[in-house]
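Chemist: Starting from the given sequences, assemble the full structure and let the hints guide the process.
One point on numbering: in the working numbering, the residue at position 201 of the sequence shown is 201, and numbering is uninterrupted.
Do not take every clue at face value.
[To be verified] In the DSSO-like style, the derived pairs of lysine-lysine whose C-alpha atoms are separated by at most 27 Å in a straight line are:
1) Lys658 <-> Lys618
2) Lys147 <-> Lys98
3) Lys98 <-> Lys133
4) Lys65 <-> Lys133
5) Lys154 <-> Lys133
6) Lys108 <-> Lys50
7) Lys156 <-> Lys108
8) Lys108 <-> Lys331
9) Lys50 <-> Lys26
10) Lys293 <-> Lys215
11) Lys154 <-> Lys65
12) Lys293 <-> Lys331
13) Lys147 <-> Lys39
14) Lys50 <-> Lys133
15) Lys65 <-> Lys98
[To be verified] Simulated DEER-style distance windows between Cβ atoms:
16) Phe484 <-> Pro643: 41 to 49 Å
17) Gln217 <-> Ser496: 22 to 30 Å
18) Ser63 <-> Lys215: 30 to 38 Å
19) Leu160 <-> Phe484: 52 to 60 Å
20) Asp327 <-> Ala487: 30 to 38 Å
21) Ser336 <-> Gln194: 21 to 29 Å
22) Ile431 <-> Glu138: 27 to 35 Å
23) Asp507 <-> Asp649: 52 to 60 Å
24) Ile431 <-> Thr667: 48 to 56 Å
25) Lys618 <-> Ala487: 32 to 40 Å
26) Glu105 <-> Ala487: 53 to 61 Å
It is worth saying that the hints were derived from the structure and are not from the lab. For each residue, glycine too, the CB sits at the ideal point set by N, CA and C.
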Amino acid sequence: FLLPEKNLSFSSFQTSFTASYNPREKNLGTLQLHTLDLKSRELELQAGGKLLSYTNDPLLDLSAKALIHAENLSAFIQDEPEHNMQGSVSMDIQARGKIRDLNPEGLKNIQLLSHISTPGFTLDLPRNNIFCKADSTELYLNISETKPLTGSLKTKRLQLVLSDSTRLHLQRGDVSLTMNSHEPDPGIPFMHLQLNARSAGGVYGIHRGTLRGLKIQAAVTQTPERQRRTATTDTARRRTADSTRQRNVADTTRRRTAFAGNFMPRRTRHEFSFADLQFNFGFTPETRELLRKWQVNGTLQTTSAQVITPIYPLRTRLHSVHLELQDNLLKIHNMSIKSGHSDLRLSGQLNGIRRALTGKAQLNLYLEIQGDTLEGNELLHAIAAGTEILSQQDSAGLKQLRKAAASESDTQLEHIITQAAVERKAYEDLIIIPGNVNMQVILQVSNAYYRHLHLQDVSGSLLATDRRLHVKDMQATSNAGSFFLNALYATPHKDSLMAGVDLEMQDVLLEEVTQLLPSMDTLFPMMSSFRGLVDLQLAVMSQLDTSMNLILPTLHGACRIRGDGLVLLDGETFSEISRKLFFKKRALNLIDSIRVEATISDSRVDVFPFIMQMDRYKVALAGSHHMDQTFHYHISLLKSPLPFRLGIDVVGTPEKYKITPGRIRFTDEKLPALSYRIDTIRINLREQIIHYFETHPVKNTYTDF
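Modeler: Structure representation (structure tokens):
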């Protein structure tokens, strides 16, 4: 600050001092201040001390008390025309040390006892984006030979603005800090921090958080140089290996396409890298270097917390938070979370968190999720929307979010983030598995919601690695029936998307099956002709397009459907067959029982021979149809009011088909037993899913939990 050179006045000024210099007596200059007592509208000061050896490496021994009247001092600051200062600050300082040590490197050589307090103080420097407001605050700061630094802060309320995107606030806070040397290696500094507060919070960029009943204990020490070098070397080695692997793949691809006269440019960035989770939170290179240089161990506990961030655009509240950080490992102890309509308890751990924050290393996550409610539709949309928002670097929307995070209320900020999530467009259909996370999630919730389903007693696990997701042993009951599911979903590249499903459902409505799995209408057109409860077994694998539609020529699998008391709808094809077979016209065509088995391969569905009983009729059916909707089915009439047995062939398409009577192909005694083929295909597909994840395993980097 620049103070004016005149117009300073003191209502009282008293001082006395002596000075001496006698090199022969080894007195290289001594200035002793016996007393200094001055008063003005801006400042009250009492001081005394000595300046020893001031001609050669001077040493200062000082004690002072001061009272600053900020509102009066504010008028004398000339280079901040829009500044504001209010309140008062009192200081009590005792210091001893050499002048050459008055710098950050030499502070450890100075002895200092200081006490700074204020009943209320405000400093506002808009041009520098600096704001400080303190109510009833005390600060103690001490430096000694035995303890390089100790300090404490007690405040009723403290607000700090350090930039246009960084804000902090503390209420009923008590902070203590101790710096010492590390016992195993005295050359390494060691800091211990403790913070208790009724509430604390802040804003960092586009993220905002508030914590209540906060307790923090942290030990901070410098990362050993060898460990930093090893981590840097490992990261470089991983990046070199990944780069080499990608280069080899690209070179091979170029060689293959060269024969066709096409030369592909070398791909330096993965096409789905935008979907990788962002861990840097906008950290500057200097901040990331600090994270590499220092390691932190400690705990954080709060009674409740609120998080508002576009990374996860859902209203989120945390309760009974207990986090434990062990340098690179973060443990979560039975934390309750309410996010949107979800109400859950989380336990688990994140391994590799510091490396993830400082670079592009993978994060290893183990999580146990229990609770009452899991709203899957909200969560999937929030994750996809958050990924899209973060991919808009330096966009107008992101700038609006930064501005809102700094100025708007929590409710307004949540509304803005929700609107941004609703309006997202890019990759709206395709769900991409992040490539920088190894994940294992154990799930057990009472109620879950996915699409239109209400699931109950849900249990199972999710495994994810290398842009691949494995749903393992997932089971639940629902308003559509009970199910057991194993599944694979892989998004390694845009041209190699893949899904595999091994599904068992019991007492499920057929119309629910086609609603949950829309492709079933294409695979089994006859399903739309039936209504009722069935048991379903389905095992399929297929490649996908970027809209998550099945690429039917790549689909292969098997299906088994069993049902009793089904209703056969009176469609056009059935009406034509009924007319030829003299079926009685009924409002409801009830089927006593049905058991259908089929395989899918090479764009073709083969339906194995099965028996269907309806009214006075018993028939055996079998056939096949192709994905171009052409079909060929045979119906053997085994029991009917007719005095003879009859076979019927139905050939064509749903729009144009031909019904031809003929000889029967099946009898009760000669119906082929082909169920073993269905079981074999299901087992093989299940083993393919397991083998796929054995080829790309989730790395076991978790300690015992």
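Chemist: Would you list, in rising numerical order, the hints stated earlier that this structure does not obey?
Modeler: Numbers 3, 7, 8, 13, 14, 17, 22 and 23, in rising order.
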